[in-house]
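Chains as they are written, first to last, in the numbering used here: chain A, -14 to 241; chain B, 3 to 208.
It is worth saying that the hints were derived from the structure and are not from the lab.
We treat Cβ as the ideally placed atom computed from N, Cα and C, and that holds for glycine.
Simulated pairs of lysine-lysine, DSS-like, Cα-Cα distance not exceeding 25 Å:
(1) B:42 - A:23
(2) A:147 - A:167
(3) B:42 - A:139
Per the computed footprint, the stretches of chain A lying under chain B, defined by three or more beta-carbons under 8 Å from a beta-carbon of chain B, are:
(4) -13 to -5
(5) 10 to 17
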Amino acid sequence: MSDYMKSIVFALVLCLVCSVLLTSASVGLRPYQQRNLKVDRQKNILLAVGLIRAGKTYSPERITQLYDDHIRCLWISPAGNLMTPSAATKDALHVYLNITTEQTIKNYIIPINTRGLWGRIKGYLALEKDGETVAGFTVYKHSETPGLGGEIEKQWFQENFKGKKIVNQENEFVSVQIAKGKVEDNISKEKREHYVDGISGATLTGKYLSRGLESVLKTYEPVSVQFRQNRLMRLPTDKSGCEPENRPATQKDETS
Amino acid sequence: MTLTRTETYKVFIDAVWDNNPINIQMLGICSALAVTVQLKTAIVMGLAMTFVVSLSNLFVSLLRNTIPRNIRIIVELAIISSLVILCDEFLRAFMYDISKQLSVFVGLIITNCIVLGRAESFAMGNRPYISFIDGLGNGCGYASVLIIVAAIRELLGSGSLVGVKMVPEAFYAAGYEDMGFMLVAPAAFIIIGLLVWLQKTIKKDS
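Chain A on its own, in the form it takes in the complex (with noise of 0.2 Å):
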């Protein structure tokens, strides 16, 4: 066999064996990885209303008792109208709700999935139940630049979302922005309740995220309305109709 030949044949070898290899630890790690991502992200929309604190750890089994207990999730029309989760369309909104022990709403949350710098940025936004004020906001994927971008998923960034409003006294919906550098510094007094601190280095990611949350809370904009007009009072009867996993197939994939 001559030296060009065996270079190619090892060559195969070699791919063959390692791809094997990579491919079983993947299919065999996979429901890991996978329970890990589920409690993640019921980790964050937790985070997202306050249910847990940032930097404190918890147990897997803790939080899927806190998530049980307190969010219910439901689908709605873009008309704005209640779902079940069988008769849900295509462009159904999913929203998940914040409900206290005594059965009442107390937020709502969106998920967000919108274009950054460098890829999706995926995370969650909870608004009060007046529709109108920003509840909490949190980021659990993103391919940010670490320390640039990728500030987006640290607390100091996401505390400032709470308290922001959505809509201006003319009750018209206006979006909440990120602002280039700090808020004080560049926004004018009556605008910066609608506004939350950039971050240096990060004009662009700043910029996707400010366009993405708009276009979004616009998309979730009757929703918002029944809230406001106090309309969407009534919990969902079914407990986990309307998580992700247990969508229809013709949905769209939000975790992925």
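Since chain A is already given, all that's left is putting chain B on it; use the hints.
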């Protein structure tokens, strides 16, 4: 034969001390800056690195007589990347939070010059056992520097070690403040610089 005379000991100690990959050879500094804000991530990163560099040395050495010369770098890289991906998958399955904090840096072990450097310069010319020891030594040398740097940074920057509060509340009440500078990458640069200085001084004296 005493322990210090064995080849195993010599190869190991040479990698950890006399030719420490970070302090003496100045390799792998990038990841050393990035993952040393907390001790926990530094320990995991050190373990992952030790796992990859020792096993890649072992496999490359086992195959050293069969690997065709003209594609040897590709072969070495294929072995290294497979090990790194394996490592990453395991972290994501069993240490999810830490793997999230380490983010891309586990994956970047592939491009860490220490691993390819040891495979190319040592494992290609030595027996499997001694190559494995060399990898182990380099991994430990890398990990030890990471752990020292991370311990200093976490203690001074966050007042804790492995997430456990070390600086008593009374200190804060008396006006003590955590050093914010320790949390940014340049701090690691300075600490590594000081470590290099310290090690060179000790070596010169002995």
